[in-house]
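Turn these sequences into a full structure, and let the hints steer you where they fit.
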Amino acid sequence: MKHTLATICAALACAAFPPGAHADTAPATVPVTAPGYKYVRTVGAISEYTLESNGLTVLLMPEHSAPVVTFMVTYRVGSRNEVTGTTGATHLLEHLMFKGSPMYNDAKGNSVKQYLETVGGMYNATTWLDRTNYYAQVERDALEGYMAIEADRMRKLWLHDEDRRREMTVVRNEYELGENDPQQALDVQINAAAFVAHPYHHSTIGWRSDIENVPIEKLRAFYDTFYWPDNATVSVIGDFEPAAALALVKKHYGVYPRSPQPIPQVYTVEPEQQGARRVTLKRAGEIGVVGIAWKSPSGRDADYAALGVLGTILGSGKTSRFYRALTDKNLALNVSASAGFFHDPSLFNVYASVAPGVEHSEVERVLLEEIERVKKDGVTDQEVATALAKYEASTAYGRDGSFAIASNLNETIAAGDWTLYYTLDDATRNVTAADVKRVANAYFDADRSTTGWFIPLPATAPDAESAPAAK
Amino acid sequence: MRLHQMKQLTFVAVLALGLVAGASAQAGIASRAVRTDIGGIDVIIVRTDVKDVVTVTGSLRAGDDRSPEDNVALATVTGAMLDKGTTKQDKFALAQQLGNVGASLSFSVGASTLQLSGKCLRKDLPLLATLLAEQLREPAFPETELAKLKKQLDGAMKSQLEDTDFRAEDAYTRVVYPKGHPNWQPTPEQFITAVDRTTIAEVRQFHSQYYGPAGMRLVIVGDVDPAAVQAELRRAFAGWSGGSVPPAATLAPALTGARQDVVFMPDKTSVSVIMGQPTQLRYSDPDSLALRVATRIFGSGFTGRLMSNVRDKEGLTYGIGAYVGNDTFSDGDWRIDASFAPALLDKGLASTKRQLALWRDQGVTAEELARAKTRTAGSYRVGLATTSGLAGTILMALDSGMPLAFVDEYPQRIDALTLEQVNGAIRKHIDPARMVLVEAGTVPGGTAATK
Chain L
1 MKHTLATICA ALACAAFPPG AHADTAPATV PVTAPGYKYV RTVGAISEYT
51 LESNGLTVLL MPEHSAPVVT FMVTYRVGSR NEVTGTTGAT HLLEHLMFKG
101 SPMYNDAKGN SVKQYLETVG GMYNATTWLD RTNYYAQVER DALEGYMAIE
151 ADRMRKLWLH DEDRRREMTV VRNEYELGEN DPQQALDVQI NAAAFVAHPY
201 HHSTIGWRSD IENVPIEKLR AFYDTFYWPD NATVSVIGDF EPAAALALVK
251 KHYGVYPRSP QPIPQVYTVE PEQQGARRVT LKRAGEIGVV GIAWKSPSGR
301 DADYAALGVL GTILGSGKTS RFYRALTDKN LALNVSASAG FFHDPSLFNV
351 YASVAPGVEH SEVERVLLEE IERVKKDGVT DQEVATALAK YEASTAYGRD
401 GSFAIASNLN ETIAAGDWTL YYTLDDATRN VTAADVKRVA NAYFDADRST
451 TGWFIPLPAT APDAESAPAA K
Chain V
1 MRLHQMKQLT FVAVLALGLV AGASAQAGIA SRAVRTDIGG IDVIIVRTDV
51 KDVVTVTGSL RAGDDRSPED NVALATVTGA MLDKGTTKQD KFALAQQLGN
101 VGASLSFSVG ASTLQLSGKC LRKDLPLLAT LLAEQLREPA FPETELAKLK
151 KQLDGAMKSQ LEDTDFRAED AYTRVVYPKG HPNWQPTPEQ FITAVDRTTI
201 AEVRQFHSQY YGPAGMRLVI VGDVDPAAVQ AELRRAFAGW SGGSVPPAAT
251 LAPALTGARQ DVVFMPDKTS VSVIMGQPTQ LRYSDPDSLA LRVATRIFGS
301 GFTGRLMSNV RDKEGLTYGI GAYVGNDTFS DGDWRIDASF APALLDKGLA
351 STKRQLALWR DQGVTAEELA RAKTRTAGSY RVGLATTSGL AGTILMALDS
401 GMPLAFVDEY PQRIDALTLE QVNGAIRKHI DPARMVLVEA GTVPGGTAAT
451 K
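So the sequence lines, in the order shown, correspond to chains L and V.
Residue numbering for the first sequence follows this note's numbering, beginning at 1 and increasing consecutively.
Residue numbering for the second sequence follows this note's numbering, beginning at 1 and increasing consecutively.
Everything labelled a hint here was simulated from the structure, so no lab data went into it.
Every residue gets a Cβ at the ideal spot worked out from N, C-alpha and C, and that includes glycine.
Simulated DEER-style distance windows between Cβ atoms:
#1 ALA140/V <-> ARG140/L: 50 to 56 angstroms
#2 GLY401/V <-> ASP417/L: 50 to 56 angstroms
#3 THR280/L <-> SER106/V: 32 to 38 angstroms
See below:
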């Protein structure tokens with residue numbers, strides 16, 4: 001399955017709003033009473049329950065606009081839980097989760113992919129910095145069949161070394177595909193320079209040598225450490241009845257106990273950065289890239305909403321400052337700006353593709369001039385209003401289908417507070433121009449920045465032109 | 001145009017269902033759809049239960065196939081100029097109006113059409129309709145913007161040249177399709193040369209000649225009042241005329257034999273591969289669905305034969321799939337897309353060819369066909385979830401020449417296919433001995449010359 005470099009790229013290329021920001025316009029859901037559950041709270045249209053026997057968190061969001069349902073399990077383990085030698089292990093394990101169990105496997109014809117493709121489900125799994133999720137969007141009648149397989153592989157996965165060996169080369173090709181792209185490759189280098197202690201240092205795909213060599217025993221240990229009900233949240237969104245869904249979850253997940261050991265928590269805190277850092281990546285290529293990353297707060301931080309608005313003002317569409325200063329002047333092909341929405345403090349990233357014939361230094365200079373202008377003069381009320389209008393509309397677009405809702409909810413779970421799916425809306429609506437100026441000054445500190453250049457080198461191999469000739 | 005239409009090898013693509021990926025099979029879509037001719041535009045409106053969201057998609061026959069032989073970039077340049085300002089307002093004012101309400105409106109040029117894409121909230125549909133009509137009917141085509149656009153297109157093309165998927169596709173299309181076929185593409189150099197010497201006068205002439213309601217289609221899906229939408233469109237497009245539908249293209253001939261082309265690119269860690277052939281089939285042709293289902297069994301999803309064997313059993317690739325495509329407005333092609341590490345390229349290709357030979361020679365089984373049918377039916381209903389999936393499905397069906405009822409009938413048509421029809425389509429239309437293999441990347445021992 002895939003990890004989320006594609007998602008990262010989408011975030012870099014598009015709006016600066018976080019993946020989990022959505023409006024509180026849906027009607028509140030009336031909670032139900034279900035045996036074995038503790039009702040926790042209802043926020044917006046989502047109700048939270050805890051399966052008392054094992055601590056599994058359950059989020060229910062009935063939504064009946066179409067006769068389908070999205071079921072998703074989010075494990076609170078991502079590449080931030082990895083250390084040297086196991087980088088990429090979370091993602092490799094995610095791939096191995098499709099290799100079957102004694103109950104459900106290809107030989108029996110009932111593996112998760114066989115089941116879901118037979119019923120026409122849309123499914124996948126993704127891994128990112130703070131979480132791993134498995135999901136499917138299916139017709140409502142197929143919900144229990146999928147849930148049974150998903151629950152089974154929480155604790156009964158085979159994890160054969162033979163599967164690891166075969167899947168390693170698959171994952172390595174995924175790594176190679178990412179390295180093919182200059183901006184993705186530069187992003188890896190910038191993160192590695194920006195974080196020296198915190199595990200956000202390494203990318204989710206991991207280092208090549210770790211992908212190739214991590215032993216099955218370490219993957220097994222990883223599985224046995226993190227794949228437990230009390231480290232997971234299941235979300236059910238779509239056309240279902242809450243009491244029936246809770247009963248199904250209990251039937252299939254209630255068979256497991258809590259983790260026998262406390263789930264290990266990441267305690268590493270990135271030391272204060274005390275000076276600007278730079279990285280350079282040189283490879284054969286055509287187009288240069290300039291990336292600048294400043295340390296930014298957690299997605300749960302009170303400043304996050306204002307940073308989201310700032311990202312939109314700087315980098316979203318033709319009305320943005322970077323478009324006017326760079327793209328419209330043929331200095332850059334495109335520019336993006338966004339604040340990372342993660343569990344721990346991360347980065348506010350700006351990326352610009354350098355137009356042909358333009359120096360990297362010129363693009364960097366203009367980017368920084370615009371940053372300084374915001375810090376000194378702030379932004380206008382009109383700019384904030386436009387950013388908020390985009391936010392409100394994106395909120396509605398994010399409700400177009402149960403899968404869209406699930407994918408956004410997933411990132412708020414990963415950030416450590418699913419209620420951000422709603423509460424971030426309120427925070428964003430209250431952002432003022434003064435807030436934007438304040439956070440620009442608070443976080444756009446040159447001494448807490450990392451700048452990267454991708455410098456394309458001319459082709460040195462026999463011929464880089466496509467002049468295919470028939471055999 | 002080429003900068004937008006190149007398909008990336010993604011998981012989503014592997015699972016794609018062909019024409020109706022993400023489609024909706026909601027009972028009676030055709031009966032719920034409101035279809036009207038508005039000033040010559042074919043307008044289809046479907047109200048769904050989604051709250052507030054409206055998706056607009058459409059097509060206009062001003063694609064690359066309308067570009068004159070001496071300016072292969074003209075359709076693309078014209079389409080790209082639509083959002084650069086109108087006679088009423090400049091590009092920033094346009095963008096600000098959309099931004100004020102969080103709406104989006106974009107244009108892209110493909111092989112046969114200008115594609116329209118918009119999204120807005122229910123309350124803002126009148127604005128979106130106004131801006132859509134204004135940009136289509138009254139573009140200002142400022143000289144200053146053309147100068148900027150030329151540099152942007154030059155840079156965008158250079159950026160694409162770094163992409164192994166793009167380079168493989170780029171080379172593939174010129175082998176599979178002859179010059180003059182809608183799906184043929186000029187070389188990047190030809191394209192950029194044409195961009196550089198495009199004049200505003202040419203753009204204006206192209207716009208005048210090909211933009212108009214004839215041959216234009218709009219599909220609007222979501223939280224809408226169809227009568228109100230119709231009224232807005234009548235207002236916005238009143239008095240517009242022009243446009244045309246080009247004559248049907250001549251079929252691309254079958255290749256005369258197997259060939260292998262290498263696009264060598266240094267410093268790439270993965271090689272993009274396309275292996276395929278022209279099909280000489282349009283989507284609306286009788287064998288098309290049977291070939292699609294056969295191809296789905298071969299190369300779609302994780303249970304398809306290619307992913308099951310080349311990836312799952314042998315670990316040779318992250319992604320591999322097979323598709324029938326580019327057949328909406330003309331005959332299309334059949335292909336396998338894959339990525340391989342340079343060191344595993346030969347093994348990967350050998351495995352792929354083994355699977356291709358098995359599928360071609362022995363066909364699919366009754367069990368595989370039965371699973372494909374249930375999968376299609378299920379995924380069709382799952383596609384109910386989004387306005388964009390439904391809108392795209394309707395547009396594609398109608399653009400392919402199918403009736404609106406086809407959107408409802410699709411699962412039944414798939415279900416009616418027999419094993420003989422499916423395997424017969426493979427034998428009739430697929431010939432590994434007359435396929436091209438394109439490899440793009442740091443191919444071991446590769447040069448631009450024949451491998």
